[in-house]
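There are 2 protein chains.
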Amino acid sequence: MEGIGARALAASRIMNRLGQTDKNRGLLAVAEALVAREEELKTANAEDVKAAVAEGMKESLVDRLTLTDQRIEGMAEGIRQVAKLDDPIGDVIYMKTRPNGLQIGQKRVPLGVVGIIYESRPNVTGDAFALCFKTGNATILRGGRDAIRSNKAIASVIREALASENLPADALILVEDTSHEIAREMMCLKQYIDVLIPRGGAGLIKTVAENSTIPVIETGTGNCHIFVDESADMSMVAPIIVNAKTQRYGVCNACESLVVHSAIAAKAIPVICDALTEKGVEIRGDERARAIDSRIVPASEEDWGTEYLDAIISLKTVDSIDEAIEHINRYNTKHSESILTQDYENALKFQNEIDAAAVYVNASTRFTDGFEFGFGAEIGISTQKLHARGPMGLLALTTTKYIINGHGQVRP
Amino acid sequence: MEGIGARALAASRIMNRLGQTDKNRGLLAVAEALVAREEELKTANAEDVKAAVAEGMKESLVDRLTLTDQRIEGMAEGIRQVAKLDDPIGDVIYMKTRPNGLQIGQKRVPLGVVGIIYESRPNVTGDAFALCFKTGNATILRGGRDAIRSNKAIASVIREALASENLPADALILVEDTSHEIAREMMCLKQYIDVLIPRGGAGLIKTVAENSTIPVIETGTGNCHIFVDESADMSMVAPIIVNAKTQRYGVCNACESLVVHSAIAAKAIPVICDALTEKGVEIRGDERARAIDSRIVPASEEDWGTEYLDAIISLKTVDSIDEAIEHINRYNTKHSESILTQDYENALKFQNEIDAAAVYVNASTRFTDGFEFGFGAEIGISTQKLHARGPMGLLALTTTKYIINGHGQVRP
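In order, the protein sequences belong to chains G and U.
Be aware that the first sequence starts at 261, since it is given in this note's numbering, and climbs by one per residue.
Be aware that the second sequence starts at 261, since it is given in this note's numbering, and climbs by one per residue.
Because the hints were derived from the structure by calculation, they are not lab data.
Computed from a predicted structure; not experimentally measured.
Treat each hint with caution, since some may be false.
Identical chains blur together in the list; that is why a pair holds if it fits in one copy or across any two.
[What the hints assert, rightly or not] Below, a list of computed lysine-lysine pairs in the DSS-like style, where the Cα atoms sit at most 30 Å apart:
1. Lys356 / Lys302
2. Lys356 / Lys367
3. Lys450 / Lys302
4. Lys466 / Lys450
5. Lys450 / Lys609
6. Lys302 / Lys344
7. Lys310 / Lys344
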């Protein structure tokens with residue numbers, strides 16, 4: 261791993277000197293090469309899929325693992341889109357002149373070397389590379405064992421395309437050893453890697469956060485709530501809840517938990533139950549909710565803190581907005597929370613007091629996403645408070661540097 | 261520690277709801293109380309000093325530990341200055357309306373609970389509290405054993421002043437147990453503490469960075485370089501180097517290492533040696549430098565990477581700016597670096613290619629400081645790239661939250 265770290269660091273120094281034109285030329289060459297070498301990629305991927313099926317992998321996971329022409333073209337198109345985005349590198353955010361004549365400016369620069377540890381989806385290889393490359397970083401990728409043949413094929417296509425454009429192939433290095441020991445070693449390569457981003461399930465993220473000596477950006481777990489306040493517009497209740505819960509079950513911005521004000525419960529709960537049971541969603545609620553609608557099954561304490569990622573939702577009744585806020589701040593994962601209300605003070609109060617990356621009034625939690633937020637790209641959704649919070653676009657892959665222009669100044 | 265964490269979290273929820281007026285009122289009350297209860301503080305401090313002297317503490321450290329009337333008034337004045345600063349909390353950095361009518365804004369909010377682990381200087385207790393309180397955070401402080409009686413006295417004055425103003429006393433909690441076990445426990449209180457800032461020597465910072473499961477902001481080590489380029493204005497060379505090396509030896513932005521272009525070495529090195537030896541600084545250099553001036557003693561490989569914090573400096577000769585940049589990027593701690601040059605291209609090249617928080621042209625590295633940069637306050641100087649880089653003022657103690665105003669929008 262030391263050797264890989266040193267190569268990535270050397271590539272990052274070259275990347276730091278590249279301008280937009282060179283970086284975009286590299287991205288377009290990579291996109292073209294991925295499509296041109298589709299057959300190779302599919303052949304490598306077929307071996308991964310065969311091995312996965314032989315080992316009894318769940319069908320939904322096999323689907324995520326599979327590369328089709330459409331998915332390869334999608335990956336290439338994503339890279340072309342990244343090439344079109346504004347390059348934030350080199351922007352001087354501000355520059356001021358101090359009383360002593362020193363000009364002090366803050367300039368946006370690449371992070372340096374970004375490490376990404378991810379699970380099975382091989383198209384992450386292309387996406388993650390594109391965002392890091394656009395922002396002038398070198399990237400070390402460590403994917404899962406299941407997708408190793410696909411990842412190797414994608415990485416060599418990318419590296420060869422870069423080399424053919426006289427750009428540093430080591431801007432992307434795939435760690436080919438998928439053992440846990442190597443992952444642990446990577447998490448301690450602090451002298452070479454500037455930030456580590458785990459992408460995958462809660463278990464992976466926890467392991468990386470606990471074992472890394474490199475700063476980590478945690479992404480992705482979402483126990484998201486919708487609070488139906490007593491003044492909620494009833495015409496919004498079912499559409500927003502159905503969208504937030506059922507549009508996609510396996511995503512981190514899906515709603516996992518409802519909180520309903522007791523003053524609207526008798527009216528709202530049957531409407532919610534009608535809409536969700538029609539979609540096949542199981543509702544687990546407290547006693548008061550069950551007394552209103554018998555389709556609700558009993559919730560345990562554990563349910564309040566569970567991210568189901570499935571056709572299940574919890575439902576808690578409360579007597580005030582303060583109780584709702586307390587409940588949500590206690591059980592949420594600081595991702596996305598929404599209030600349905602027509603009350604001005606409650607809308608502001610909820611947005612001020614809920615501790616989460618994204619706090620909505622009268623909208624679905626499903627909008628927490630780099631594309632929906634207008635960033636044009638997304639490397640993940642940060643649920644931590646340092647560096648980046650919420651959907652992370654290109655800016656999250658940059659840092660700043662102070663540049664100071666003097667004329668011989670010394671400190672008095 | 262669990263109990264302390266829960267109390268701090270509860271206080272942070274209240275802090276989050278306070279406006280500027282309340283926070284400033286608290287700060288002014290604390291400043292007043294510190295001065296009014298000066299005698300108590302000095303009595304407690306005298307016991308710390310007595311114990312330290314009995315244990316044979318170095319005189320310079322005893323000096324740092326000692327509280328005088330002047331230092332207590334300085335601490336109070338610092339807190340009053342913080343009260344005068346602009347409050348960044350609540351600022352909406354931007355708000356845009358998306359094509360679907362959703363208003364998406366990014367709002368500045370407190371981090372929540374800030375943990376600070378620090379060494380002997382008791383006045384850090386007041387400074388750190390003031391910056392965290394101003395930004396709406398609750399603070400858990402864990403100071404060193406040597407200053408425990410002083411810290412306890414300062415913390416109770418602060419807590420009582422807050423309580424007397426009907427503000428949450430738990431906005432500041434001092435951990436009174438100074439054992440290593442408690443510090444380790446604190447580093448893992450992830451469910452309560454949002455960020456950990458170690459303040460002190462390199463050993464402390466390393467221990468925290470390696471053992472914490474909470475995100476850490478690393479501060480403070482500085483192996484800072486000055487590169488004397490071949491086109492340097494000779495009239496700046498000695499003044500800037502003397503200022504950067506000798507104004508204060510024990511600070512992280514002091515210059516520890518010189519790099520001199522061989523084309524100017526014969527002219528510059530004797531001037532540098534004259535100026536530094538007059539101040540009693542030992543110069544450790546490579547063979548080429550020693551051949552020019554016999555006052556230079558031999559440098560070992562280890563010298564290039566050493567932060568002396570003392571009247572010693574290393575000196576390396578190079579044949580090009582590229583060699584200088586490579587040397588500096590290899591041995592620096594990413595803190596502050598300066599080039600002395602009259603060459604336009606080299607000035608830009610150095611600022612672009614040096615990897616450090618602050619990169620100077622023709623100025624002393626001693627300016628890397630929150631006050632010198634115009635922030636009006638400083639919680640430390642970050643040498644990492646995530647979240648905050650360089651001098652950290654109030655903004656480094658904040659995070660952001662997306663607030664989204666909808667009218668029933670669902671994701672298509």
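Structure-based check of all given hints:
In this assembly of identical chains, Lys356 and Lys302 lie within 30 Å of each other by CA distance neither inside one copy nor across copies; the values are 54 Å within and 42 Å between. In this assembly of identical chains, the alpha carbons of Lys356 and Lys367 lie at most 30 Å apart whether taken from the same copy (12 Å) or from different copies (24 Å). Neither within a single protomer nor between protomers do Lys450 and Lys302 lie at most 30 Å apart by alpha-carbon distance, with minima of 35 Å and 43 Å respectively. In this assembly of identical chains, Lys466 and Lys450 lie within 30 Å of each other by CA distance both inside one copy and across copies; the values are 19 Å within and 12 Å between.
Taking identical chains as interchangeable, the C-alpha atoms of Lys450 and Lys609 lie at most 30 Å apart only when they sit on different chains, with a minimum of 26 Å there against 42 Å within one chain. When the C-alpha separation of Lys302 and Lys344 is checked against a cutoff of 30 Å, the pair qualifies only within one copy, where the shortest distance is 27 Å, while the shortest distance between copies is 63 Å. For a Cα distance limit of 30 Å, the shortest separation of Lys310 from Lys344 qualifies neither inside one copy, at 37 Å, nor across copies, at 67 Å.
In summary, the structure is inconsistent with hints 1, 3, 7 from the numbered list given earlier, while agreeing with the others.
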